[in-house]
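One letter stands for each residue in the lines below.
Number of protein chains: 2
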Amino acid sequence: MQLSESVEWGLHACLALAMMPDGARVPARALAEYHGIKPSYFSKVMQRLVAAGIVQSVEGRSGGLAMAQSAEDVSLLQIVMAIEDHQAFFRCTEIRQKGPCAAASKHYRAPCTIAKIMHQADAEWRRVLAGTSLADLRRSAITQPVPGVHEATQAWLTETGAVRGI
Amino acid sequence: MQLSESVEWGLHACLALAMMPDGARVPARALAEYHGIKPSYFSKVMQRLVAAGIVQSVEGRSGGLAMAQSAEDVSLLQIVMAIEDHQAFFRCTEIRQKGPCAAASKHYRAPCTIAKIMHQADAEWRRVLAGTSLADLRRSAITQPVPGVHEATQAWLTETGAVRGI
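Chains as they are written, first to last, in this note's numbering: chain E, 37 to 202; chain L, 37 to 202.
So that you can see chain E by itself, here it is in the shape it has in the complex (with noise of 0.2 Å):
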């Protein structure tokens, strides 16, 4: 069981869109290319995060891609949940009550003990992504750097044109 590879291309997005400065905004094509993933595979990403209200999408001229919320706000889980289904990770279909020896289902309130457990450990899953925002992760990129990245960017988006807005 994997999480879908656009998890990290959403995860990476927003996390560019984070960086930019107030105002400014991204064309899809632009960042998919900053990523270099292909434009029509990523621009369903967005749309997804958009849709969950996470992303904002400006038309126009000078319209493009931006965070639609502040980066203290979006949790990890927030972004990953927009991307993947809402859906916990285990399937209970109740398997207890079925069978020749099942008991009459009035006598299964209780919550299956495997089940809680397998909730459990999902519940642990999401807390770790739920305690991270994104705010975290722009904190990480501009105190641990890879050098030259910064540089190379403000390169290329004066050189393309790629933000707007500014």
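One should not assume that every hint holds.
Said to hold, decoys possible - No farther apart than 27 Å at their CA atoms in a straight line, the calculated lysine-lysine pairs in the BS3-like style are these: (1) E:142 x L:134; (2) E:80 x L:134; (3) L:80 x E:152.
Stated by the list, open to error - Here are the simulated distance ranges between beta carbons: (4) E:92 x L:171: 23 to 33 Å; (5) L:186 x E:72: 52 to 62 Å; (6) E:146 x L:142: 35 to 45 Å.
If you're looking for bench data, these hints aren't it; they were derived computationally from the structure.
Small disclaimer: the values here were computed from a predicted structure and weren't measured.
Positions of the beta carbon are idealized from the N, C-alpha and C atoms, including for glycine.
Based on the hints, put chain L in the right spot on chain E.
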């Protein structure tokens, strides 16, 4: 993203085997029927558990399935990982190293913050399941039984002759 439904089957099947008296063996077909699962699908799940050394399959007329290890020694994580693949949930394809602004690969020795947090969430999920043994499940099943199931199971086992080797 969801675990396959066979995770639920495998966990319940291991619990059922762990409830059997020492030396008892249950044919895969009977174990599938007990859980109301189609035997052909179910046997594939059991084969994975046998391959992982969690369940043993004894050949012959009085053969069948049994736990290969003490219930104290088998964690829920081992069962789940035997059924699902062993990969981490999060796929990191190092997209930070792609695109027009990436630095030389030697600058990416420190792990990506995004991957680090996603893997930390995975580790928390695994921690919960690694910390729960099949014996813990069995204790819950014994101390909080569903009324009538134990008696129905005993009667079914006697009637069908599903348990062998004791």
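Practice problem: For the pair we were handed, residue 142 of chain E and residue 134 of chain L, check the Cα-Cα distance against 27 Å. | Solution: violated (56 Å)
Quiz prompt | Range hint compliance [Cβ, residue 186 of chain L to residue 72 of chain E, 52 to 62 Å] | solution = 59 Å Cβ-Cβ, so the 52 to 62 Å window holds.
Quiz item: Is the gap between the beta carbons of residue 146 of chain E and residue 142 of chain L within 35 to 45 Å?
Solution: violated (56 Å)
Quiz item: When you take the CB atoms of residue 92 of chain E and residue 171 of chain L, is the distance between them in 23 to 33 Å?
Solution: violated (52 Å)
Quiz item: Between residue 80 of chain E and residue 134 of chain L, is the straight-line Cα distance small enough, at 27 Å or below?
Solution: Distance of about 20 Å is within 27 Å: holds.
Quiz item: Can the restraint linking residue 80 of chain L and residue 152 of chain E be considered satisfied, given a maximum Cα separation of 27 Å?
Solution: Distance of about 25 Å is within 27 Å: holds.
Checked against the numbered hints listed earlier, the structure breaks hints 1, 4, 6; every other hint is satisfied.
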